[in-house]
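Protein chains: 2
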Amino acid sequence: MLQEIVIEVWTLWFVLVSAIASFVVAFLLKRRVANADPGNEAMVTVQGYIKDGAAAFIKRQYITLAIFVGVFAIVIGFAYGIGVEGDAIPWYFMVLSYIIGSIASGWAGWLGMNVGVDANAKTAQAATKGLAPAFNVSFFGGAVMGLIVTGAALGGVWALYFFTGEPRYILGFSFGASSIALFAKAGGGIYTKTADVAADLVGKIEYSLPEDDPRNPAAVADNVGDNVGDIAGMGADLFDSYVASILGAMLLAFSEMINNNFDIMDINTTTITSFPLVISAAGLFASIIGIFLIAKLVKDSPGKALNLGTYLATALFIGISALFTLFMTLGVNLSADMPSRLWANWGAGVFGVLAGLVIGITTDYFTNDEKTPTRATAESSQQGHALNILTGFSYGLLSVAPPVIGIVIAMGVAYALDGLVGVANASTGMLAIVGTIVANDAYGPIVDNARGIAEQGGLDEEVIQLCDRLDSAGNTAKAITKGFAIGAAALTVLALLYSFMEEAKNVALSYGITTLNLHDTNGIYQLDLMNPVIMICALLGIAVPTVYSAVLIFGVERNAQTMVKEIRRQFEENPKILTGEEPADFEKCIDIATKGSLKELTVPILLAIGTPLLVGILFGIQGLGSFLASSILIGLTFALLLSNSGGTWDNAKKYIEDGNLGGKGTLAHAAAVTGDTVGDPFKDTAGPSINTLITVMSLTATMFLVVFVRVGDGMGLLTPFLI
Amino acid sequence: MLQEIVIEVWTLWFVLVSAIASFVVAFLLKRRVANADPGNEAMVTVQGYIKDGAAAFIKRQYITLAIFVGVFAIVIGFAYGIGVEGDAIPWYFMVLSYIIGSIASGWAGWLGMNVGVDANAKTAQAATKGLAPAFNVSFFGGAVMGLIVTGAALGGVWALYFFTGEPRYILGFSFGASSIALFAKAGGGIYTKTADVAADLVGKIEYSLPEDDPRNPAAVADNVGDNVGDIAGMGADLFDSYVASILGAMLLAFSEMINNNFDIMDINTTTITSFPLVISAAGLFASIIGIFLIAKLVKDSPGKALNLGTYLATALFIGISALFTLFMTLGVNLSADMPSRLWANWGAGVFGVLAGLVIGITTDYFTNDEKTPTRATAESSQQGHALNILTGFSYGLLSVAPPVIGIVIAMGVAYALDGLVGVANASTGMLAIVGTIVANDAYGPIVDNARGIAEQGGLDEEVIQLCDRLDSAGNTAKAITKGFAIGAAALTVLALLYSFMEEAKNVALSYGITTLNLHDTNGIYQLDLMNPVIMICALLGIAVPTVYSAVLIFGVERNAQTMVKEIRRQFEENPKILTGEEPADFEKCIDIATKGSLKELTVPILLAIGTPLLVGILFGIQGLGSFLASSILIGLTFALLLSNSGGTWDNAKKYIEDGNLGGKGTLAHAAAVTGDTVGDPFKDTAGPSINTLITVMSLTATMFLVVFVRVGDGMGLLTPFLI
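Protein chains in written order, with the numbering used here: chain E, 14 to 736; chain B, 14 to 736.
Because the hints were derived from the structure by calculation, they are not lab data.
Careful, some of the hints might be misleading.
Heads up, the list lumps identical chains together, so a pair's fine if it works in one copy or across two of them.
No farther apart than 27 Å at their CA atoms in a straight line, the calculated lysine-lysine pairs in the DSSO-like style are these [said to hold, decoys possible]: (1) LYS578 - LYS677; (2) LYS217 - LYS677; (3) LYS384 - LYS612; (4) LYS309 - LYS142; (5) LYS384 - LYS578; (6) LYS608 - LYS72; (7) LYS608 - LYS578; (8) LYS142 - LYS384; (9) LYS667 - LYS217; (10) LYS312 - LYS667; (11) LYS578 - LYS217.
Given these sequences and hints, build the entire structure.
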């Protein structure tokens, strides 16, 4: 349909090429991992348990998801099918787009996780040959996820835009990816911490077993958790953010052009609309090169290699995107101001990615055991449990400020460069090197598992120590990538908020509603906190991320309690487990984690999807916008607080376990373990899931605009009584 | 000057009468406390220590405050003096108003606290005669604070309005009260928790001494802390909120009338402007009667008497305010719509106070040891420290939602009744019975101290148990009053936000600036989150309550560490302290708490006053408004989270100490003590101080509008580069 676009805007082909390139490289790397030596029989057995456990969880999750997606496909069909007027998107297309998005994200997560699981034992085995071989297996294992996620996301968005020429069709795809992310991130987060907390509470504290001890019935579930939570969940989360950031930027640019009476097919419209796609392609090429550079760079210090790789990918992104922007400015028939506009947006993207780096580095400060916060938290543990909690929590509170200032600077500069479109492109720029970010992130759980398998497979102490070094590098890299992810999610949801309001205007206009008039004039553009209806909705918005976090933490606790009872039961009923004469019943624990984590998802999903629907219907479009804005502010605060305090506690414990402040067996260590246990659901369940929550809320709002606009002419049921 | 007002609006005289009545009753009650039997020599000695310690702290604090107020008086003088055009307030008047406000609040706090300290030992002594006599001494002791605070605040506001006829003149008074509150609440909060945490860490945990053991060198500092933090600090905090809520409502009503071209002296202007004062007078009468009813009602259950008294005061307020409103509607020359408007605002006030009650009751649910949250937290303690923390924290997160919904309903109904003026009057209504609230609140630390003095004075176990019962009643009452205070503070600062924006328009107009134009039209009225400058400032706003909380918690920790060292030093250097042969050196601990808590205030004060100044100068008036709005949202969230999770932990510990779940000496108890210690600075330092923070920020913003409007025509230094 829109192939003409691509003839004029030939840089769009780069997008397809980048997606294909990422698939090709991913499959080459996958084969490399597949061909590596899987190690001794014990290792293969353990790896088999992990693989089966992960598959069982994903299978169960995907069945639930299939039902969920099916139901929502029908809901979307009705929302877009019944009584829809104007230039609304045909219902069958929105449903199709939604289903494709779900499948693409689900497929990427499944494939990437499988390679990750496959790389576990092979990394442990490669570690017998040295650091570089082990690093390469694990890093390539993670890189497959990075490339598949980015390729599938970018390819999907490209195809939808290519065949329709309108970014609004991508909305379904993005919402589909969000549905998957909600299940994968929150569900995986509950799973992984259920097993981790339960394994620690009984194994470590009650029975003094070491970490990953094969006698612990929760040991395999703990390893499975790393894969389903930290690999599959994280991949789905970043797939979601990545698509949403591109969608937000395309929607805003497109809508602005149409409002300025440019034709859909005008070269200016297509150029500025496809800009986010093209710079994302630049980021994907940069990530592919970056991945190979990291593998080459690793000599002694895998941590340095990962971080250096991130910096290099950033530099490459800046260079390649400049080249692509130059190509775009050469487009025929561009209006006179378009080249400078493209450069301005390139600048916004560059500022975005640099801000992401700065945010990552400041986040690192709060969780790095060579810096004051973690050291002070470790030292306060000497005064007992309470001061450990207070110190870590307070540093978590402090850690909110620097990223916020980073986001503010990126947003301010981007806005000065090209208004809201600039802001949206800053978020696209921040997420452009997501391939590298996901690769670094997925590396962590792979080496973490490798360490466990080396332990369980009876490999030499030397090999285990090497795995420990690889693991610690993963933690270093994680600090930066996590800051990156939170910063990027914040900018993305802000862009989504703006595109929600833009879309609201378009949808309302298609129903003949010219103003919502909640305040003075031009109401529909505005979220004026001076209007009490808007303020009321902002107040309601603060309840969602808080209740959501509480429910997830409770979910982990409840599930962990069930597993704790099961572990105790096994130890009590069969004393031979503790002596190592008989194997523990891993499957029982895996089953508890699997069933429990899906069950605990009901309320979080209702909150994420139900509350925007309710607020939209009760208070209308502007109220919903303000509700989203406030959830974004509170969500960002808690995402940073929970993630960073959790990271500080985790590393304070590791610092003490490294022999500092008296090491293990001291009050300081016991207190640090308390902090770490509190931090587990903070940093790996609730904290990072808030990003997904906010994205899902924003997309739900945009997706169901066609409904809200029909309730009280977009004012909702209650607003008329209040004004 | 404006005496004519009071001839026409004769109900205004009720305000003066209510203030005088409250003073008279307060002095009668003060004499009654003064005449009570002070007990044996040991008790008088301990009471003397507490009195001296409290006096030392207040003296030092007031010297610092005098310097602070002096400096700020000069700053205000310059801000209002130099180059001010239009109808701005004369600088000398604003300075005077500011100084009067500081002195009134400082005086009320000082007097009320002294009576509270005086009542401590006398309550313990009266307990030898039975429950009712002991209750009456302690409750009357607290009631003096309630009445003095309300009387001084209402009298001050009345006088300023009476002599000027313009509510803007009250701004200085309110800002003065805020300065005191900032020092008293945050400083007192650090003081009290420094002593409490240190006494627990060394005395209870390391040396297994019971609570309030006279051998503990921090025991007296702990008792002093109750007085300076929970009595003087709380009194100053509610003085501040109370004045601010009346000011906000008066400013909004006045400004609206002037904008509708009513004359300042018009009966309609004066009637609707003085309405908040008149219903506050109704509340004060209700409180006075309520206080006597509570004293009569107490038979077996002091807790029930306190709560029943609050309900009765509420009912009385509704009745008396209806009567006063009726009188106001009878005013001659009122325009036709004014009576129904007055009734609408009465309705808003009634809805406010009822919402306050509902919020209090739901808050109670989360901290009452007969309800699920506290029980579940206690039970989870059996699994160790970490699960205690996770459970209490999660319930704290959940507890944010119900009060928010309560505030939303009150605000929605009030807005439907009479727009922003209605919202402001809902906050006035919520705070109208503040006399009862403060009385109930101040009762708590008095009986807490009485218990300590009974212990230290060697009274019978029976008497100590009776004091325990009185203490536990204080905790029950506190749950409801605390919810009340947070809800009222939230509505108050919202009213302040609206009056800030109203005032901004007036001040800007006086400089010939007709629009700030940050978005489309009528810019100055708007805080449109769709504008990225507004969003940037909202993002910055989230950093203030978080950093502020962190700094206060760190302050407690740091100070407690110093005191912990001192206690250990005393025990190690002089073993006779532990055997009871020689007295501990209390003064050293008091000195540490006093100096430390004032030193730790520097950063919190800079945040509260400095950040609004900075944002106002950099981003202008609208940016500052959005910064405030976001600080309100985040502040409310953290105030509820920190206060309620702290309350849950505290009561979970008490529940276990009452012998449940194995009682003392178990892992559950150790874990519950950890939770309580974490909760101490949460619920008594950071949580309640956030109210003060937000009020101070809002008042600073309004106070220095005359400066902001002169920077870039009210747009600030940076905004022009961004738009």
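Hints, verified against the model:
no., hint, in the structure
1, LYS578 - LYS677, "both (26 Å within a copy, 24 Å between copies)"
2, LYS217 - LYS677, "both (12 Å within a copy, 25 Å between copies)"
3, LYS384 - LYS612, "between (40 Å within a copy, 25 Å between copies)"
4, LYS309 - LYS142, "within (17 Å within a copy, 85 Å between copies)"
5, LYS384 - LYS578, "between (38 Å within a copy, 25 Å between copies)"
6, LYS608 - LYS72, "within (12 Å within a copy, 62 Å between copies)"
7, LYS608 - LYS578, "within (16 Å within a copy, 50 Å between copies)"
8, LYS142 - LYS384, "neither (33 Å within a copy, 59 Å between copies)"
9, LYS667 - LYS217, "within (14 Å within a copy, 29 Å between copies)"
10, LYS312 - LYS667, "within (24 Å within a copy, 57 Å between copies)"
11, LYS578 - LYS217, "within (15 Å within a copy, 32 Å between copies)"
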